[in-house]
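On the provided structure of chain A, position chain B as indicated by the hints.
Each chain is listed here by its residues.
Protein chains: 2
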Amino acid sequence: MSVTAAQGFRAAGIAAGIKQNGNPDLALVVNDGPRRAAAGVFTSNRVKAAPVLWSEQVLKSGQLTAVVLNSGGANACTGPKGFQDTHATAEKAAEVLGCGAGEVAVCSTGLIGVLLPMDKLLPGVGTAAAQLSAHGGEKAAIAIKTTDTVHKTSVVTGDGWTVGGMAKGAGMLAPGLATMLVVLTTDADLDSAVLDRALRAATRVTFDRVDSDGCMSTNDTVLLLASGASGITPEYDAFAEAVRAVCDDLGQQLIRDAEGASKDIRIEVINAASEEDAVEVGRSIARNNLLKCAIHGEDPNWGRVLSAIGTTSAAFEPDRLNVAINGVWVCKNGSVGEDREKVDMRYREVHIVADLAAGAETATLWTNDLTADYVHENSAYSS
Amino acid sequence: MSVTAAQGFRAAGIAAGIKQNGNPDLALVVNDGPRRAAAGVFTSNRVKAAPVLWSEQVLKSGQLTAVVLNSGGANACTGPKGFQDTHATAEKAAEVLGCGAGEVAVCSTGLIGVLLPMDKLLPGVGTAAAQLSAHGGEKAAIAIKTTDTVHKTSVVTGDGWTVGGMAKGAGMLAPGLATMLVVLTTDADLDSAVLDRALRAATRVTFDRVDSDGCMSTNDTVLLLASGASGITPEYDAFAEAVRAVCDDLGQQLIRDAEGASKDIRIEVINAASEEDAVEVGRSIARNNLLKCAIHGEDPNWGRVLSAIGTTSAAFEPDRLNVAINGVWVCKNGSVGEDREKVDMRYREVHIVADLAAGAETATLWTNDLTADYVHENSAYSS
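Protein chains in written order, with the working numbering: chain A, -11 to 371; chain B, -11 to 371.
Looking at chain A on its own, in the form it has when it is part of the complex (with noise of 0.2 Å):
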């Protein structure tokens, strides 16, 4: 499953010692081909880790061998020995599976500002490389781990030919492109032009609108790796619908895991008069402290829901706005609706419709309640 749903391809996940627990920290993730097209998108974050500005760059010819992954350290904010430790690291994987290192992709996870273990990771990439399988999906996805505390993956399958990926992520997650590391593939024959549009068509609407704390990373990358091994060309359209599948499904997997989260909260912007301000209203929603701790405390507080709509630049007369919680329209006219004490909130899926009255357009993104455990964890991080 995972990465090695589809055909063409072979992965591996191995404890390499980056992390001081002993825990599995190192990835590896090969396309066999025939074809080995590639696409990716990248933290907008102006902060990039030195394997963002690696990968951005090797991934401009379309073409990718292999994926480094390693979790244990984001190998962000470390310099110019940073950015030689990534080249080092593409280096090694290109040496131990006969390609070039511009085929190599890298992808870091972990605490910014530490230099990684290199007498750890680069022989860790030989061990990796000795146990691929086309059945390493899983253990390749529990290597990429950080704070996450399930590993995450997902299929689809098409016509003859599938879509795969793995994804790690459980804090610092508000993707301005894409979120934390994934990985996906397929065995669908397409060149990476075509990955590109129907990658980043689908983390537009799925990635995107996952704001579990608002906090942007230096190292999102969601990479497409395509091996054409079925030798099948799909549908654009049905292609586009599997991948943009298989990212709503890990985005979610990343919302119900985040971090100390006790609530996965669906928000969902209707009747805006276009869609950039529904995902504008949705995000103020999302990244509201106050309403974060009250779905914590099971409070239906719509007030909260209108005090982050109106500071927001979208089109609305506050008149006119609805809300409703669990089904329950607690505010009609930006006033009092039905009774609050209507909504039942004691399951872990909270969803918040929030009517603009203004268009026709809609959108709807995920975020998580902000608990205790958020801020134990979050204090306790680097220590």
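Check the hints yourself; a few may be wrong.
Same chains, same names: a pair is fine if it fits in one copy or spans any two.
[Stated by the list, open to error] Here are the simulated lysine-lysine pairs, DSBU-like style, with alpha carbons at most 30 Å apart:
(1) K320 - K69
(2) K320 - K108
(3) K69 - K330
(4) K108 - K330
(5) K69 - K48
(6) K320 - K330
(7) K69 - K108
(8) K251 - K330
(9) K251 - K320
These aren't lab readings, by the way, just hints derived from the structure by calculation. As the structure is a computational prediction, the values presented were derived from the model and not from experiment.
Using the frame of chain A, we list chain B on its own:
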């Protein structure tokens, strides 16, 4: 002290029964003249409470005789009935004070989306009027508290004239133009145009740079009333500086009392290409939940500072950024700087310097840490 430090003002604070716990909840501030000039700034949240809509309207005359303030309910998102209630409050004050309703500003704070108990509030206005006193400033400051643990007042004295004021606010504290409820008074003999200029100049660099939790209120109001009772017309610069100093002091009192906070964080952005850039970067840092958790854990996590800077549009090069925490330059040239173990974070005040190395402009913003206590307080607030 407080709003009665300047000559020509009386105030009162009483328990009208708006709050179910019997705490003081109604304040009245009266300008006895001879002048009754006034200026105000209000929230830029587009969802505005009824008292904000009312007070913006009456302020257009540049004249105020009285301000009625209540805690125990924000009267926001309460529809036409909420606006009628604000109007009735002003009418009641006008009746007992013998002035016009159009000379009475109204401020409310508390839960959004709940109508005020007018059967308690209107008699309370009469009770408060009967207790008006030139020594009533402190009682007024106490009566406007909601989750505030302390009341906030400040006074600056000039050459024969005085500026004093009171503030409330402890959460939903990210003013777009002003913050929560603030009433400033002066006995300087100045017209409303001068008051307006001095007040806008002051709030721009004080309350506008206080960002506790990124959540903008629907009720933010700052009023400045001048009685002219000193008979002195100060130089503009001296007066404006006094207004700025009082606003700065009150703004810092708000941060020190922020909900659940254990650290006050001063964010100084230096060497920015423009003041706008400095403020944008400072606000991005101030709103980064992960950094705020790290500071709570006494972790000098400069990587989270860089990732916050990276989300802005300010002019900078990632490899020229420097960050100091409590005097230790933990990040130099976008990478690892001095030993982070040298950073002493045992004390309540934390000082972060972000050097953009892109110009000569500076801005200082204030925020606080994110704590489990904030989560607890705000997950239980309305219940």
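Now the hints, each set against the structure:
1. K320 - K69: between (57 Å within a copy, 14 Å between copies)
2. K320 - K108: between (60 Å within a copy, 26 Å between copies)
3. K69 - K330: Result: close only across copies, 23 Å inter versus 58 Å intra.
4. K108 - K330: For K108 and K330, the Cα distance is within 30 Å only across copies (28 Å; inside one copy 57 Å).
5. K69 - K48: within (23 Å within a copy, 61 Å between copies)
6. K320 - K330: within (15 Å within a copy, 55 Å between copies)
7. K69 - K108: For K69 and K108, the Cα distance is within 30 Å only inside one copy (16 Å; across copies 69 Å).
8. K251 - K330: Within. Shortest intra-copy distance 19 Å satisfies the 30 Å Cα cut-off; inter-copy 39 Å does not.
9. K251 - K320: within (25 Å within a copy, 39 Å between copies)
Against the hints set out earlier in the document, no violation occurs for any number.
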